[in-house]
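Colleague: Heads up: the sequence lines are chains C and D, in that order.
At position 75 of the first sequence the residue is numbered 75 (our numbering), and the sequence of numbers has no breaks.
When you read off a place in the second sequence, starting at 1, and then add 1000, the result is the number in our numbering.
Worth flagging that the hints you see were computed from the coordinates, not collected in a lab.
Honestly, I wouldn't trust all of these hints.
In the DMTMM-like style, the derived pairs of lysine to aspartate or glutamate whose C-alpha atoms are separated by at most 25 Å in a straight line are [stated by the list, open to error]:
(1) D:K1004 with C:E148
(2) D:K1372 with C:E148
(3) D:K1248 with C:E380
(4) C:K372 with D:D1349
(5) C:K216 with C:E120
(6) C:K213 with C:E155
(7) C:K248 with D:E1083
(8) C:K116 with C:E178
(9) C:K4 with D:D1020
(10) D:K1243 with C:E380
(11) C:K372 with C:D323
(12) D:K1116 with D:E1083
(13) D:K1004 with D:D1037
(14) C:K372 with C:D348
(15) C:K116 with C:E148
(16) C:K116 with C:D144
(17) D:K1116 with D:D1144
(18) C:K243 with D:D1266
(19) C:K372 with C:D349
All values derive from a computational prediction rather than experimental measurement.
Protein chains: 2
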Amino acid sequence: MPRKIDAVDFFYLSMPEIQDIGDGSQDALLVRVVAGDLVGWGECEASPLVTIASLITPMSHSACKPVAASVLGQVIDSPADIERIHHQVRHNSMDLLQADHALSGIDVALWDLLGKIRQEPTYRLLGFPQARPKVPYHSVLFGDTAQETLFQAQEARRQGFRAVKFGWGPFGHAGLQEDIDQVVAAREGLGQEGILCVDAGTVWTTDVDEASKRIKVLEECNVTWLEEPFHTGGLHAYLELSKRLRVKLAGGEGAHNEFMAQHMIDYAGIGYVQVDTGRVGGITSAKRVFDHAAAQGVQFVNHTFTSHLALAASIQPYAGAADHPLCEYPGQLSALAWDLTHEHILRDDNGEITLPDAPGLGITPNLDAVRKYLVDTTIEVGGRVLYRTPSV
Amino acid sequence: MPRKIDAVDFFYLSMPEIQDIGDGSQDALLVRVVAGDLVGWGECEASPLVTIASLITPMSHSACKPVAASVLGQVIDSPADIERIHHQVRHNSMDLLQADHALSGIDVALWDLLGKIRQEPTYRLLGFPQARPKVPYHSVLFGDTAQETLFQAQEARRQGFRAVKFGWGPFGHAGLQEDIDQVVAAREGLGQEGILCVDAGTVWTTDVDEASKRIKVLEECNVTWLEEPFHTGGLHAYLELSKRLRVKLAGGEGAHNEFMAQHMIDYAGIGYVQVDTGRVGGITSAKRVFDHAAAQGVQFVNHTFTSHLALAASIQPYAGAADHPLCEYPGQLSALAWDLTHEHILRDDNGEITLPDAPGLGITPNLDAVRKYLVDTTIEVGGRVLYRTPSV
């Protein structure tokens, strides 16, 4: 018998102190979808408070409805049901910008739920007979100094990582020579064989000439990709830099729907597309991006910098694709993000990771940790309480 | 002496009842920016509650900060200061999706404030020596039946409007024949001379063949533009339809930054670009879109369906451009949206409208109306009240 969605609950989790650094794992928005006696879990990679508001806000007009209105009471029994709910949220909340981030976590939770209903891993419901091992790249922030980055790269190598990505921190902010020193240090620490990627965190907005000053060091250090030199919308800038640089460009984490990621594939000359299932519209949208990337000869790589629940969700859309072997593996998780799940996706003897062969995402939240990091939140509008932190 | 921004206040206004129709004027988010003894006003075309949350949310990480953090305490004395604040919001709140909608109203209020500091109309600060008259098109929802649409078109003609746009309502939902009847009725009511535009409200998502079934009636009824047949991101679909259809395409209201609107100009084959200053990033972003449109031979038209404060803001970015003469003029404002401002922009004897020659936007909110429609809102996180409706 098809199940009905009885509840959609958002939980705002946070470390006690949030630092002003690029570490997105310092807080989390956990999503629980309940259908009868089954529960699906997901995570939005988004501002928790703002995304909660988008779930429960009063309607503004027919195309600006609260996200919950398009999900509660819906029937779920097949992938087509998720597609339908997904489309309804997008349509009914078209003018509610934050809705895409809310939808993302809900969509992930729906795929987890459907996997539990069908007793299948999510990736199988997406059409992959099995999950292939992925080569995880250790994803960390640049050190405050090149020396620190050198140590981090050496440590990653010692831990057996075959690939490392450095990003954010002082890169692009401290000056050209500092950037050069950082990349050289990363390569030195990693050794000549390791895969080295660099993430500029959109620092040059659309300034191709400023980005181009790093061409020499990126090429000489044999960097595999330069990620996000520009704003996600700077398609012309991407394309222009892609013509000047032998290193491939990567981007897409800023995409909050499949269209934006497809534009990067179609117009920006990127070699790698990296969407975050917790932002792009969940597994449904990420799978569409994967399909388009594969058809266009662009590599798909997950973007993930948070918990292993989010990590598991982010790999589902390309789990079975042997020719898309790389995988972002967050290397500096906050205690919250690590504690959040019972299970963790760990490297095997080959240094590779594989999704669990279990119903849904195969990763479940640790409710003790949820309670520990839970932030009490109340939203009251016109004398009515529209949101109060649900009980776990 | 340069002024410092002392306060940024958001006010959630609403009609007592919100109907499930495409009328975006049923609620409003009013923005007040205070610098010493001067005040600037703006409006976000956005979900009020969610946008309030984006103003005051706790920081998630360095690129996901509350919008207020990049505005409060900033110096404002020149257009370059607004550009700087604008850039900071975008940079510091890159991962906060709703921030673009919040920024939009703040940016409008900053341009109003700067006009008051400099004692100049905003359009003059944007480089236009004077505001040109615009031909307002009466913008209304399709009637529930073709008969109702006929009456509305006749009424618009009787009121002396030279241009009318019908949109949303049953169009695209009721069936092909119903759509044909609607367009025929609109043309019949308006007469052969009037400018007739049709707004499909993204109803066909990316389905070019479904949209194409309306080609014959759109061409036979001499429609000036077909607006938003597809999702803002459906660039391929737009381009394909633009090749099949002699009627020009219009779109852009879904753009929440200048990049998205520029992509429509560059890749989608549209003839008219219509951004909403209350969504795209305010007057700063809308002016960039205008500059790009003008350079590419695409007509710029404001998108506005709310108050005359928003209307005044939406015309500033192309106020002085004589060769971009059309202007959306909301024709079915809610009592709230009409009451919200002391002044209204009315048609002159030529049936045209012109921006007021007064400092800033030249339109001021009626604070009695603000108090009347104000919705008390409280947001509490971790035991701290982060937002409570400010006093007017």
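Colleague: Could you tell me which of the hints above the structure violates, numbers in ascending order?
Modeller: Hints 1, 2, 3, 4, 5, 6, 7, 8, 10, 11, 14, 15, 16, 17, 19 contradicted; others consistent.
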